[in-house]
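Colleague: Chains as they are written, first to last, in my numbering: chain V, 1451 to 1795; chain U, 1451 to 1795; chain D, 1451 to 1795; chain P, 1451 to 1795.
Honestly, the hints are just simulated from the structure, not real lab data.
Being a predicted model, the structure only gives us computed values, none of them experimental.
Errors might be hidden in some of the hints.
Put simply, identical chains are the same to the list, so a pair is met inside one copy or across any two.
[As the list claims (entries may be wrong)] Simulated pairs of lysine-lysine, DSBU-like, Cα-Cα distance not exceeding 35 Å:
#	residue 1	residue 2
1	Lys1713	Lys1654
2	Lys1533	Lys1713
3	Lys1587	Lys1453
4	Lys1783	Lys1747
5	Lys1618	Lys1543
6	Lys1704	Lys1543
7	Lys1618	Lys1674
8	Lys1654	Lys1613
9	Lys1618	Lys1453
10	Lys1453	Lys1654
11	Lys1453	Lys1533
12	Lys1543	Lys1747
13	Lys1618	Lys1654
4 protein chains.
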Amino acid sequence: MIKAGVVGATGYAGAELVRILSDHPHVVLTVLTSRQFAGIRFDRVYPAMSGIVTLTCEEISIDRLVDSCDVIFTALPHSIPMKIVPELIAQNKKVVDLSADFRFNDPALYESCYQPHASRGLCRDAIYGLCEVYQDKIKTAGLIGNPGCYPTSALLPLVPLVKQDLLKTETIVIDAKSGVSGAGRSLSMTSQYCEVDESFKAYKVAAHRHNPEIDMILTREAEKPVSVTFVPHLIPMARGMLTTIYATLSGPVKTDDIRRCLKAFYGQCPFVRLLDDGHMPDTRYVRHTNYCDIGFKIDPPRERLILISVIDNLVKGAAGQAVQNMNITMGLKDTTGLMHTPFPV
Amino acid sequence: MIKAGVVGATGYAGAELVRILSDHPHVVLTVLTSRQFAGIRFDRVYPAMSGIVTLTCEEISIDRLVDSCDVIFTALPHSIPMKIVPELIAQNKKVVDLSADFRFNDPALYESCYQPHASRGLCRDAIYGLCEVYQDKIKTAGLIGNPGCYPTSALLPLVPLVKQDLLKTETIVIDAKSGVSGAGRSLSMTSQYCEVDESFKAYKVAAHRHNPEIDMILTREAEKPVSVTFVPHLIPMARGMLTTIYATLSGPVKTDDIRRCLKAFYGQCPFVRLLDDGHMPDTRYVRHTNYCDIGFKIDPPRERLILISVIDNLVKGAAGQAVQNMNITMGLKDTTGLMHTPFPV
Amino acid sequence: MIKAGVVGATGYAGAELVRILSDHPHVVLTVLTSRQFAGIRFDRVYPAMSGIVTLTCEEISIDRLVDSCDVIFTALPHSIPMKIVPELIAQNKKVVDLSADFRFNDPALYESCYQPHASRGLCRDAIYGLCEVYQDKIKTAGLIGNPGCYPTSALLPLVPLVKQDLLKTETIVIDAKSGVSGAGRSLSMTSQYCEVDESFKAYKVAAHRHNPEIDMILTREAEKPVSVTFVPHLIPMARGMLTTIYATLSGPVKTDDIRRCLKAFYGQCPFVRLLDDGHMPDTRYVRHTNYCDIGFKIDPPRERLILISVIDNLVKGAAGQAVQNMNITMGLKDTTGLMHTPFPV
Amino acid sequence: MIKAGVVGATGYAGAELVRILSDHPHVVLTVLTSRQFAGIRFDRVYPAMSGIVTLTCEEISIDRLVDSCDVIFTALPHSIPMKIVPELIAQNKKVVDLSADFRFNDPALYESCYQPHASRGLCRDAIYGLCEVYQDKIKTAGLIGNPGCYPTSALLPLVPLVKQDLLKTETIVIDAKSGVSGAGRSLSMTSQYCEVDESFKAYKVAAHRHNPEIDMILTREAEKPVSVTFVPHLIPMARGMLTTIYATLSGPVKTDDIRRCLKAFYGQCPFVRLLDDGHMPDTRYVRHTNYCDIGFKIDPPRERLILISVIDNLVKGAAGQAVQNMNITMGLKDTTGLMHTPFPV
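This is chain V alone, in the form it adopts within the complex (with noise of 0.2 Å):
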């Protein structure tokens, strides 16, 4: 059995990774640290889990960690990752860190949307951990940086097709759709029930920095620079990501030329499904799970390619990820306590 910890484990994205791994069946769960709840039951901070997840909040103590963990999540805003990580792989742990602190392998890219990053060598030999894109640097890995939900949502469908230059990518619009939790558990006016209800709102327009996440690994996969508009919403519910691209084609490319491409890069994995023409995703249809969803259309008279994909925030966006690069990791199945039937309401 992996012994595995969660470092922020009351935050959504926490305890999506208490849930995950309280039923991963390679795994036991020994450390739940929690700032804010440090002493308290676990289910009493989420009694949905009453009786199943028993363990006690801790304070964060990096030789407690050192000791009873395997693999080690770090699910804690960014900036504070930085400044534990760097003991943990000292000591030959695996972490995952699902902030943005080892997302960008360019540390001065880092700085220039974030804060001074303590960590710069760590930053350049992390992972980014878009487990269908990188897949095989992901199994040697020691320090895997858990991509954001957004540029996960937009680079899914978007990496495949760039990489074989289908598109013009000066004119690439990302238009993502997001749920509440998205925002996390603390507490702030915008995420309080009434001022969320009954309202749809654009937030961060062309200022949000999931997008230079996305830029950066865009301009890899293209290998030349790429700078994409982004705009993300709020949707008025709990989960759920919708993102719906546009970028104009970038010659004569066929519906079956699109789909030919993202099958073959998509083919053999698990959690990426690309839906038959005429369908679309929802994004109740990966609530829960860790699927994307993918669905397109050619809208012809302007030469335009019209994607949409859907994830989870808090699975595929987050924690279901975060497990899925555990699972690739370790050596393990990549589906390994990810599948279950999604429910159909």
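Once you have looked at the hints, place chains U, D and P on chain V.
Modeller: Chains U, D and P in isolation, oriented as in the chain V frame:
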């Protein structure tokens, strides 16, 4: 492996059965029937299950069910199962019926609330599948009448207390609230989004068919006639049921007496969670699970007990309890295929 | 024109007052106060009102209120109004207080549920502003204690019946359900979207401060001690309150007796709508309005009356009733500024 | 007083018309028709309006409409109005048609998206009722084709900019999101609560009939062929529409140029609110109102303009704009009966 069929697989309760059985370690799904979608792949009706449930919906055929199934779940509107089930039972198949057709051992009582019964003999022999109360009878049952969702949520907290005569049964008031999925998947103005959203109402006030079902079981367990006041309400959400029960205590009963009584009854029941003093249940804590959480409080000036229970109406209130019944009658542990860690949100 | 001020204008009840008063044909808004947003334009806090409400929020100043207002609405947390209101009353201003501070004529009772009262004399003189019941006293009132939302929804159906002694008051059970806006605009984990969405729960079970407020008025009107069981619940929606009341009839009371009693009491009250037999209220029907809709049914086997009322908790349950109180005490028709055709959805 | 009739009064747009007209100071409602509910009082279909709208629904009768109405609003599915409207116009009645039947001046274009047109001459004469753009023509119009909800939300921000040639029109992408009431009141699986709740999806991707309607007006105003990519999505809420528009700037256009252009166009239009820099609209801010709020931002690295508009799809997107059209054509101030302070929540 147990070969299982679901008759009426595309309604919400049927689809939830498909979900649970599809993940059940000792079951293989062999037949799914749907009048409306016969000939269509199940995962076209529920695209969430694409690639996971690959069976095609069929018309109902007794021969096909008999040939291919050990256990058959009938998830059909009442009055239809009574025409199908007798032939299945005659062929020694186990049947769990989710309609009201086999819940009443007294056909006359059934007929007073529904319509004439075509199979009065079977009606008398069927076992009422309230798992935690009738576990022993279920073990040897051939035909199980799966309880209604409201009766499940009302009876679990009440049965132990009326058995011990702790309540004045003539004072019992049951104020129940259900999510919309309880109304099923058929088109109906009362289930349209804009009619339900931001709306709360009572319906079938003191006139719901689950009222006599509740009375029947309480009468049996109290060993005297019990007739409760029952008012259901509709909550603007998909899943979940909370039932608030009021009853005057039969004498100088204390909080500890109530707790002791419930604990004695449910101490060994993995799906009934009794909450600590000062804690009250939330439908969210049992969503997507087979749990029934129970909290209570005595209101001393009025010597009145307030009992609150929550279930997921599609799981413990329908498909989950049906599978629990199958587990019991097939000699499996009752939690088999029904335990997974609940979602944090 | 009546010059009106709103103290505590940026909470939900305060903002709803601003909305109603802003459209009121005989009112001009002169002062809006907000500790948190002093110095900021009101329509920056509520952008929906951009260009319509152009006042800037101010700190509370008694002099300013006295100079600029004929009527002052105080929409503040309890314990604060008692420090401000006496000075306003001393200057012969009319005050409608939306907190609990002036609802209890018996300061000792107030102090048993809240905290010491700083203005016990005024407490005794204030009028309880349940408009349809105390209309005559409100006409000449200087200080009106605006009722709580739960008491409004419970008392309107009950008062006529207990006055006529049609109910066994010791059997009264009040099962109330409220939308989330009732909890106010302050940040709170229990008001976070992801904690409320797809969730239903009871809270402050038989321990809510509106319970003694209900008991006080029922005791007054029944002319004997009344003590009810009261359980509030939270509905996943922003606005609306439905209250289901159960009570045993005091004798051989018939449906027509109940109807006659309620009709006699409310026949001339434009804001109370008594539904026809077989119809039950829905919170949606009174949303954004000052109506209270009432339906009822007798459950004959148990000789129990079921009363159901709905209000919009922010209108009839707070700001609307406050303006209705102002209308009455200023000699206007009580519907002035409060009547508009309800929205279909 | 203007005598007004609503044909198709019980759909959501029809009922919203009834609401607005019922409160309109210069209108008296004389005729409401409904095929489904003929003979039934309107307030039985919409109990929210009990005691306020006391008319009974009727079958459609041209004679009755001609005798009793000065203005007729037709809120029917397309293809039906074209059979009724000609007779009303022949009798010199003013007609505002909310369907698509009279939006296209080119019958051939209409027929390419809908079906053969029975009244091609009237089609050519009708005025497209986008109030802020075609105010002068509307003043003298007899027949007004009320714009679709999506076109209203897309055209208001775009028209001034394409008229001034500030955008490369071939790059325009419109990503629109609508609440569920836009789908109307007819029973449909896609409008069932459990199918919509906690769900977000695109539909009719690049295939919606509002696409050619948008293209037609942009082509007219740009004075060159314009063909946009248009993708509508469904939001899990009842009312509200947010439209995000992307287009490359036609040259070195600055934020101030955009603002100046929009301000010049809408400076005198009470229902269009241009937001300050750094502010973006929220559907909640215009809910239940006739406002269209517009925000924008330039994404400099890509020289791309992001425009965001919000409307209430049933008000500015349907019934409100229809009444605004009536106001204009009847010589009233366009805000008459359409201005009330928006709700804070």
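Colleague: Are the hints correct? Go through all of them and say.
Modeller: Here's how the hints hold up against the structure:
no.: 1; hint: Lys1713 with Lys1654; in the structure: both (33 Å within a copy, 24 Å between copies)
no.: 2; hint: Lys1533 with Lys1713; in the structure: neither (41 Å within a copy, 47 Å between copies)
no.: 3; hint: Lys1587 with Lys1453; in the structure: within (22 Å within a copy, 43 Å between copies)
no.: 4; hint: Lys1783 with Lys1747; in the structure: within (32 Å within a copy, 45 Å between copies)
no.: 5; hint: Lys1618 with Lys1543; in the structure: neither (42 Å within a copy, 53 Å between copies)
no.: 6; hint: Lys1704 with Lys1543; in the structure: neither (47 Å within a copy, 52 Å between copies)
no.: 7; hint: Lys1618 with Lys1674; in the structure: both (11 Å within a copy, 25 Å between copies)
no.: 8; hint: Lys1654 with Lys1613; in the structure: both (28 Å within a copy, 29 Å between copies)
no.: 9; hint: Lys1618 with Lys1453; in the structure: neither (46 Å within a copy, 53 Å between copies)
no.: 10; hint: Lys1453 with Lys1654; in the structure: neither (39 Å within a copy, 41 Å between copies)
no.: 11; hint: Lys1453 with Lys1533; in the structure: within (22 Å within a copy, 54 Å between copies)
no.: 12; hint: Lys1543 with Lys1747; in the structure: neither (44 Å within a copy, 45 Å between copies)
no.: 13; hint: Lys1618 with Lys1654; in the structure: both (25 Å within a copy, 24 Å between copies)
Comparing the model with each numbered hint stated earlier shows that hints 2, 5, 6, 9, 10, 12 do not hold.
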